[in-house]
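A.B. asks: Protein chains in written order, with the numbering used here: chain Y, 1 to 185; chain R, 1 to 185; chain G, 1 to 185; chain A, 1 to 185; chain D, 1 to 185; chain X, 1 to 185.
None of these hints come from the bench; they were simulated from the model.
Certain hints may be false.
Identical copies look the same in the list; a pair holds intra-copy or inter-copy alike.
Pairs of lysine-lysine residues, derived as DSS-like cross-links and limited to a Cα-Cα distance of at most 30 angstroms, are as follows [as the list claims (entries may be wrong)]: (1) 145 - 163; (2) 98 - 178; (3) 164 - 178; (4) 163 - 115; (5) 178 - 105; (6) 178 - 152; (7) 164 - 152; (8) 115 - 164; (9) 114 - 145.
There are 6 protein chains.
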Amino acid sequence: MEAYVMDKRIDYDGSQISSLWAYSAFGIQSDSIIAFRGACDVFPEHMIDLEDRRQNESIESPDMLHFIVEHFDSTDLKLVYARQRLLATIFASVLTDKGIAVERKGDDLFVDGKKLSVSIASTSAISQKIHFGVNVSHDFYGNLKDAGMTEKQAVNLMDVVSKKYVFEIEDIEADLRKSRQLGVF
Amino acid sequence: MEAYVMDKRIDYDGSQISSLWAYSAFGIQSDSIIAFRGACDVFPEHMIDLEDRRQNESIESPDMLHFIVEHFDSTDLKLVYARQRLLATIFASVLTDKGIAVERKGDDLFVDGKKLSVSIASTSAISQKIHFGVNVSHDFYGNLKDAGMTEKQAVNLMDVVSKKYVFEIEDIEADLRKSRQLGVF
Amino acid sequence: MEAYVMDKRIDYDGSQISSLWAYSAFGIQSDSIIAFRGACDVFPEHMIDLEDRRQNESIESPDMLHFIVEHFDSTDLKLVYARQRLLATIFASVLTDKGIAVERKGDDLFVDGKKLSVSIASTSAISQKIHFGVNVSHDFYGNLKDAGMTEKQAVNLMDVVSKKYVFEIEDIEADLRKSRQLGVF
Amino acid sequence: MEAYVMDKRIDYDGSQISSLWAYSAFGIQSDSIIAFRGACDVFPEHMIDLEDRRQNESIESPDMLHFIVEHFDSTDLKLVYARQRLLATIFASVLTDKGIAVERKGDDLFVDGKKLSVSIASTSAISQKIHFGVNVSHDFYGNLKDAGMTEKQAVNLMDVVSKKYVFEIEDIEADLRKSRQLGVF
Amino acid sequence: MEAYVMDKRIDYDGSQISSLWAYSAFGIQSDSIIAFRGACDVFPEHMIDLEDRRQNESIESPDMLHFIVEHFDSTDLKLVYARQRLLATIFASVLTDKGIAVERKGDDLFVDGKKLSVSIASTSAISQKIHFGVNVSHDFYGNLKDAGMTEKQAVNLMDVVSKKYVFEIEDIEADLRKSRQLGVF
Amino acid sequence: MEAYVMDKRIDYDGSQISSLWAYSAFGIQSDSIIAFRGACDVFPEHMIDLEDRRQNESIESPDMLHFIVEHFDSTDLKLVYARQRLLATIFASVLTDKGIAVERKGDDLFVDGKKLSVSIASTSAISQKIHFGVNVSHDFYGNLKDAGMTEKQAVNLMDVVSKKYVFEIEDIEADLRKSRQLGVF
Chain Y
1 MEAYVMDKRI DYDGSQISSL WAYSAFGIQS DSIIAFRGAC DVFPEHMIDL EDRRQNESIE
61 SPDMLHFIVE HFDSTDLKLV YARQRLLATI FASVLTDKGI AVERKGDDLF VDGKKLSVSI
121 ASTSAISQKI HFGVNVSHDF YGNLKDAGMT EKQAVNLMDV VSKKYVFEIE DIEADLRKSR
181 QLGVF
Chain R
1 MEAYVMDKRI DYDGSQISSL WAYSAFGIQS DSIIAFRGAC DVFPEHMIDL EDRRQNESIE
61 SPDMLHFIVE HFDSTDLKLV YARQRLLATI FASVLTDKGI AVERKGDDLF VDGKKLSVSI
121 ASTSAISQKI HFGVNVSHDF YGNLKDAGMT EKQAVNLMDV VSKKYVFEIE DIEADLRKSR
181 QLGVF
Chain G
1 MEAYVMDKRI DYDGSQISSL WAYSAFGIQS DSIIAFRGAC DVFPEHMIDL EDRRQNESIE
61 SPDMLHFIVE HFDSTDLKLV YARQRLLATI FASVLTDKGI AVERKGDDLF VDGKKLSVSI
121 ASTSAISQKI HFGVNVSHDF YGNLKDAGMT EKQAVNLMDV VSKKYVFEIE DIEADLRKSR
181 QLGVF
Chain A
1 MEAYVMDKRI DYDGSQISSL WAYSAFGIQS DSIIAFRGAC DVFPEHMIDL EDRRQNESIE
61 SPDMLHFIVE HFDSTDLKLV YARQRLLATI FASVLTDKGI AVERKGDDLF VDGKKLSVSI
121 ASTSAISQKI HFGVNVSHDF YGNLKDAGMT EKQAVNLMDV VSKKYVFEIE DIEADLRKSR
181 QLGVF
Chain D
1 MEAYVMDKRI DYDGSQISSL WAYSAFGIQS DSIIAFRGAC DVFPEHMIDL EDRRQNESIE
61 SPDMLHFIVE HFDSTDLKLV YARQRLLATI FASVLTDKGI AVERKGDDLF VDGKKLSVSI
121 ASTSAISQKI HFGVNVSHDF YGNLKDAGMT EKQAVNLMDV VSKKYVFEIE DIEADLRKSR
181 QLGVF
Chain X
1 MEAYVMDKRI DYDGSQISSL WAYSAFGIQS DSIIAFRGAC DVFPEHMIDL EDRRQNESIE
61 SPDMLHFIVE HFDSTDLKLV YARQRLLATI FASVLTDKGI AVERKGDDLF VDGKKLSVSI
121 ASTSAISQKI HFGVNVSHDF YGNLKDAGMT EKQAVNLMDV VSKKYVFEIE DIEADLRKSR
181 QLGVF
């Protein structure tokens, strides 16, 4: 599994959640987590979460860190959602380690009771994908600056969290290769 | 999914990791998380982790909280390991909320650099299972008492963590029922 | 799993077979069976069964009972077809109990040698779906009125059959949680 | 898929539920349904259903029709249980066609409120298996003779039901090869 | 599994890689391998391999043998790619038997260092498909005529290779129905 | 995926086909192909192929090259058998390149009409495994020496074939990460 942090800023418009974006954009032919910084403005045709569509809720932010995960080892919805939760907990634990009080409810992170993140996970017939975005700054939602982070610290999270996610997945892959099957009562 | 906390103390000897233990012991016919308190002394024939076997490492503790999870919705090894990590992060976050500094590496929790927990996950042909055990007290390993918890607080974790795990799984199940499939580049 | 019978009449136009219709229409976030009454007029772009398309066969009825089933626990084609057959047998057995002679061939029901029902099953990347429709009245196809049912009795089938299907699925889920894995010769 | 009716009587002792019995006994290398007549006396070590074990309930009958199904196309528990229910409904519908009132609850058939059948389904790592047994005669349980069948009629059910089950599975396999995938809302 | 060799020539334009083409064109309701002869000119909207798209590489040939495989028993990407490689090795071994030196790299065959074949494999939500095309003649790519085959010999490969592929799949299906599950250390 | 060629000779007694042998023997925690040289003498309790058991056929050779493959990415029987065939074709093509005429039927290789190899594939609840053994020398079966290979050339095949198998699997994994999902007719 490959972690890649983009130097260039790009905006998240929802197209990056499509399967094979990592290959199309960077020629990456492994499972991957790509991190980049940019605004968030999801076009309605790219909205995966029907709740957002039903509520006609815009998903907008001027400045976010984005993580795009793609796995080709399975197209199991239960698995991609478990992995999405793991990514959220990894992000949360990095903030906790820096002394920032963060609360997780499902796939959402909160600081001071304000929503810090947006996330979606789903599958196509060929891969699993996750988008996880965190506000660097925002006028009324939770964001890393208000939580006390400098811009440099915030930007650095792209590298730290991507690597931790890759470590988690590879650690799991190693663990499951040393465990016997279960007996049955 | 059902959460059940045993009133009675029993020891974890490794037999509880077998598939259908929840049904055999309690007649439970749903996915479940069962919590109980007791010593930990795993018989070699019940050791699932071959690393422990190879190192002839005994898994012993006089007083632990035990969580036994069983899922019948899939026998995918990747999924049960992702769920095991989620359970570990849930336990860790509850300690963090109580002001206890806890570190997670894979499926292990540490306090003050000392190993607080043991865990294993695996599958049979019919179900996934997880064992997660945490020392209440211990002479040289990390434990909840040394971390500052009263016995009552420690014991209460069985209820809190079991319910949070059930919430997590049910929250995932609800989320995956409102997300469209992905497009492809 | 949730059973829901609509009070309002709506027509089945084939759009209801799409994944996530239950969520879009009713906000339902569980596996579900939705029953409603209305005409049946499937637009060609919603035809799932290519045999109908090849034969340019219209699927029309002025008055039907419709059952729309959605499962998110698997996207296995074999499983959704087995469940479709189960739904057909459940419907048939309810008629049999009321003294109506009904014959099942695959997913089709017949009374007096006339086709009583239409059905389709398939999957998307995220869910399994079944449509099962039964004529309440019809000029030349089999229908519940000609079979001797009053309108009230016919309408009542929506509730009875939906509940029996939910019972069947939940009974299966309970049964598979008390059976040991098999030995091998 | 192959249907095979044994000429010879043999007793069902629970060993026939093991994977690869059809190959071991008859050299059959396809999915199969094998029917035979004989007593039923399940040795405790072959009991798959833990409920029977817990209740220390003997599974005994002097004279039964037995159907042993094996599928190698999947090891999904949900699928083998759906197929078990289909087999039960097929058997029931054959009785209904002969004018015998039969009731199905899950995998059990009843005549005159008396239990007519026993059944179990499960998987190993390599195949799915179903056992379905029906009393030809019995002192207090439901049985085909008391339901009005001659011995010849009862014995003939082995052939009829086996063929109908094979037809059902092959009909499903054909149907799923002409249905488009679903759209998504 | 059915092998079918078309008498009529048709061109491969990429539409034949869609799921259910065999049913739409020939009413085939089994897993199948269809062989035909014709030019190759893939419309961009039918390009499955994004590498071809990225490189804006046309896939053109005036005269090819085409094999279109469809399996409905699984939608596992790993399996369809393993099957694609098997098809390539089967084709290669037939040439080898005729004294033609052929080299395989992944899914590509080479003669005299020149690319002889094109291939793609993928899945939809309902089936696996493979396209494997081999130049009968070509101005600069490898082709069967330059390799020393008469037109009749080349055309005959459609029948030979299709049958060998079907044999391979059926041989596998038989083998997996006589092997016990594995022990575990 | 890791390829490992043992320096030491060991005999294949059938125990090496068990899941987790690579971890137990070498601590390998990745998918792997292990090659070694030694006699072949399979104890009956380790016989996976019931055909051998039924025919009471001993599987013996004084001197073989052995390849033991283990994959943890799936427990699909169809996939491990397709991979087994790929391994056989890879071995065959290496011999072909060295000018040795070799014929493959299913998982068996033949030289001069004599059986050169033995092979088995199966799964446990946690992994897929393949054993592929080739006679270096033998009194009446086909073997590499009679086919004209020096001992050094024969021994070298362990390295060559293992690496080619790893390349094949990794090439597949890369290919499936650049292919769009299919359309449907």
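A.B. asks: I want to check one pair: residue 164 and residue 178. Are their C-alpha atoms no more than 30 angstroms apart within a copy, between two copies, both, or neither?
C.D. replies: both (22 angstroms within a copy, 25 angstroms between copies)
A.B. asks: Using 30 angstroms as the alpha carbon limit, work out where residue 164 and residue 152 are close: within a copy, between copies, both or neither.
C.D. replies: within (19 angstroms within a copy, 34 angstroms between copies)
A.B. asks: When no copy is specified for residue 98 and residue 178, does a C-alpha distance of 30 angstroms or less occur within a copy, between copies, both, or neither?
C.D. replies: Close neither inside one copy (34 angstroms) nor across copies (34 angstroms); limit 30 angstroms.
A.B. asks: Which holds for residue 178 with residue 152 at a C-alpha limit of 30 angstroms: within a copy, between copies, both or neither?
C.D. replies: neither (40 angstroms within a copy, 35 angstroms between copies)
A.B. asks: Tell me, please, which holds for residue 114 and residue 145 at an alpha-carbon limit of 30 angstroms: within, between, both or neither?
C.D. replies: within (13 angstroms within a copy, 33 angstroms between copies)
A.B. asks: When no copy is named, should residue 163 and residue 115 be tagged within, between, both, or neither for a Cα gap of at most 30 angstroms?
C.D. replies: Both: 24 angstroms inside a chain and 23 angstroms across chains, each within 30 angstroms.
A.B. asks: If the cut is 30 angstroms between Cα atoms, do residue 145 and residue 163 qualify within a copy, between copies, both or neither?
C.D. replies: within (22 angstroms within a copy, 33 angstroms between copies)
A.B. asks: One pair to classify: residue 178 and residue 105, alpha carbons no more than 30 angstroms apart. Within, between, both, or neither?
C.D. replies: between (32 angstroms within a copy, 17 angstroms between copies)
A.B. asks: Under a CA distance limit of 30 angstroms, which applies to residue 115 and residue 164: within one copy, between copies, both, or neither?
C.D. replies: both (23 angstroms within a copy, 20 angstroms between copies)
Violated hints, in rising order: 2, 6; the structure is consistent with all others.
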